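Colleague: Sequence:
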Amino acid sequence: MIWLRSRKLAVQRITDKEKLITSEQPTTNNERPTLVILPESPMNFMYEDDREFQKFINDFARRNNVSVLFNSAEPDATNGKYFNSAVMVGPEGREVSQYDKIFLLPFGEAVPSFLEGIVPGFVGNFSYGREYDILPVGDAKAGVMICFESHFGALSRRYVQDGADVLIEMTNDGYLGPTPVLRQHLANAVFRAVETNRPVLRVTNVGITAYINERGQVLDPLPSYTEGTRVWSVAKSDGGQTFYVRYGDWFAWLSTILTLGMLGFSFRRRGDSAISA
Numbered sequence: 028m029i030w031l032r033s034r035k036l037a038v039q040r041i042t043d044k045e046k047l048i049t050s051e052q053p054t055t056n057n058e059r060p061t062l063v064i065l066p067e068s069p070m071n072f073m074y075e076d077d078r079e080f081q082k083f084i085n086d087f088a089r090r091n092n093v094s095v096l097f098n099s100a101e102p103d104a105t106n107g108k109y110f111n112s113a114v115m116v117g118p119e120g121r122e123v124s125q126y127d128k129i130f131l132l133p134f135g136e137a138v139p140s141f142l143e144g145i146v147p148g149f150v151g152n153f154s155y156g157r158e159y160d161i162l163p164v165g166d167a168k169a170g171v172m173i174c175f176e177s178h179f180g181a182l183s184r185r186y187v188q189d190g191a192d193v194l195i196e197m198t199n200d201g202y203l204g205p206t207p208v209l210r211q212h213l214a215n216a217v218f219r220a221v222e223t224n225r226p227v228l229r230v231t232n233v234g235i236t237a238y239i240n241e242r243g244q245v246l247d248p249l250p251s252y253t254e255g256t257r258v259w260s261v262a263k264s265d266g267g268q269t270f271y272v273r274y275g276d277w278f279a280w281l282s283t284i285l286t287l288g289m290l291g292f293s294f295r296r297r298g299d300s301a302i303s304a
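The working numbering numbers the first residue of the sequence shown as 28 and each following residue consecutively.
Hints may be right or wrong, so weigh each one.
What the hints assert, rightly or not - Label pairs and their in silico Cβ distance ranges: (1) G120 x D166: 19 to 27 Å; (2) K108 x A167: 52 to 60 Å; (3) Y155 x R59: 32 to 40 Å.
To be verified - Simulated pairs of lysine-lysine, DSBU-like, Cα-Cα distance not exceeding 30 Å: (4) K44 x K168; (5) K46 x K108; (6) K108 x K35.
Derived by calculation from the structure, the hints in this document are not laboratory data. Here the structure is a predicted model, which means the values were calculated and not measured. Cβ atoms here follow ideal geometry from the backbone N, Cα and C, with glycine treated the same way.
Taking the hints into account, I'd like the entire structure generated from these sequences.
Modeller: Spelled out as structure tokens, the structure:
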């Protein structure tokens, strides 16, 4: 019952913001929003299993002629578990795409297989996603990062290799509290924008919501623990790929190997000097 009350409260708050879509805030081109993005939710909405929530989202999309991107726990038919997913419902009121989180938070969302028999079952038990799904955003394409995934350059790199024009981060940072870690999490998204030369739309439940441009500049931020909405424009990229997108982390690995080699050489010389003395 607590979960049901929380879900109903969340649904009501989404409904309260509906006028921002229909009347108050046109985009810079005087157009109405075509995509509504909701943050990762601690309430684990279940779009496929929860018919009431499914109807609410479908009706919302049709009524406002928008696509809706939201977080949902979606069933994994192979093992009876659930994915931590980003689901997109189109303006026709039907699901058009689903991305299942690939990089799960250790222990919070999943336990490594070799520890499953040791760690208690009350920790996270999501299934790992397997596909790098690209989502349509008007004429553009988007890759989605769910919370902790903004730590991983390999994910955003793969998205851009597959044609993503923009990156979207949906995150629930409520468990971090009002701490400096909120800004640290934001900083991860800044690196992803610069590495890929793609903007990041960062949508959070407690902050920091912001538009991060290709140069890593944090624009139009919504302060932490502040209720509000933002309207941003997204365009197709020129398709260009940065050095990092093309070649990945080889420079970092090369630097690591050279550093270890220099340290080994230094210790060896020090040992030879001690023997000579």
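Colleague: Please go over all the hints and tell whether each is borne out by the structure.
Modeller: Verification of the hints:
no. : hint                    : in the structure
1   : G120 x D166: 19 to 27 Å : holds (21 Å)
2   : K108 x A167: 52 to 60 Å : violated (32 Å)
3   : Y155 x R59: 32 to 40 Å  : holds (37 Å)
4   : K44 x K168              : holds (25 Å)
5   : K46 x K108              : violated (37 Å)
6   : K108 x K35              : holds (24 Å)
Checked against the numbered hints above, the structure breaks hints 2, 5 and satisfies the rest.
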